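Engineer: Numbering (full-length UniProt numbering), first residue to last: 1 to 116.
Certain hints may be false.
For lysine-lysine, the following DSSO-like pairs were computed, each having C-alpha atoms within a straight-line distance of at most 30 Å [stated by the list, open to error]: (1) 29 x 64; (2) 106 x 57; (3) 29 x 57; (4) 64 x 111; (5) 57 x 105; (6) 106 x 64; (7) 54 x 64; (8) 106 x 54; (9) 64 x 105; (10) 29 x 105; (11) 29 x 111.
Computed Cβ-Cβ distance ranges for the label pairs, DEER-style [said to hold, decoys possible]: (12) 99 x 51: 20 to 26 Å; (13) 114 x 48: 37 to 43 Å; (14) 94 x 45: 29 to 35 Å; (15) 2 x 110: 19 to 25 Å.
Calculated directly from the structure, the hints in this document are not laboratory data.
Quick caveat: nothing in here was measured; it's all calculated off a predicted structure.
Using N, Cα and C, we set each Cβ at its ideal position, and we do this for glycine too.
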Amino acid sequence: MALYEHVVLTRPDISSTQVEEFMQTLATKIETLGATVEGAEYWGLRNLAYRMNKNRKAHYSLLKVNAEPGLLHEIERQHRINEDVLRYITIVVEEFNEEPSAILKKREERKRRDRN
């Protein structure tokens, strides 16, 4: 099995709870297909670098998956069918980083600066 980081951009007009439900159903689909989800992060509604399908923002989510390569082809096929998914990318990694991603670290730093 290989280790993957799977980032999904979803439409901005759905709520964050709907995005979290979508990611939970995606995680259960992955687990039913025989893989494991090592971690998940919701990065929030963020600005896009350029417009995608007339959208300037998107919900960003990350899944850390331990799976066979063929399994992720099926998940990506389902993303192409789903209207809520704007873009997705799957990256092979050597190992998962146990600490939070850079985006979440930056958010925490910003919160601490605002408190002081």
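Engineer: Hint by hint, say whether it matches the structure.
Structural biologist: Hints and how they fare:
About 14 Å separates the Cα atoms of residue 29 and residue 64, which keeps this hinted pair within 30 Å; it holds. The straight-line distance between the Cα atoms of residue 106 and residue 57 is roughly 19 Å, inside the 30 Å bound, and the hint therefore holds. With a C-alpha separation of about 26 Å, the suggested pair residue 29 and residue 57 falls inside the 30 Å cut-off, and the hint holds. Annotation: proposed proximity of residue 64 to residue 111 holds, straight-line Cα distance about 25 Å (limit 30 Å).
Proximity of residue 57 to residue 105 is assessed by CA-CA distance (about 21 Å); at most 30 Å being required, the pair is judged to hold. Distance hint between residue 106 and residue 64 is fulfilled; the C-alpha atoms sit about 20 Å from each other, no more than 30 Å. For the proposed pair residue 54 and residue 64, the alpha carbon gap of about 29 Å is at most 30 Å, so the pair holds. A threshold of 30 Å between alpha carbons decides the hint, and for residue 106 with residue 54 the separation of about 28 Å falls inside it, so the pair holds.
At most 30 Å may separate the alpha-carbon atoms for a hinted pair to count; residue 64 and residue 105 meet this at roughly 17 Å. Distance hint between residue 29 and residue 105 is fulfilled; the C-alpha atoms sit about 29 Å from each other, no more than 30 Å. Annotation: proposed proximity of residue 29 to residue 111 is violated, straight-line Cα distance about 34 Å (limit 30 Å). The hint said 20 to 26 Å for the Cβ distance between residue 99 and residue 51, and at roughly 33 Å that hint is violated.
Take residue 114 and residue 48: their Cβ atoms lie about 24 Å apart, and the range 37 to 43 Å is violated. For residue 94 and residue 45, the hinted distance range of 29 to 35 Å is satisfied, since their beta carbons lie about 31 Å from each other. The hint said 19 to 25 Å for the Cβ distance between residue 2 and residue 110, and at roughly 34 Å that hint is violated.
Comparing the model with each numbered hint stated earlier shows that hints 11, 12, 13, 15 do not hold.
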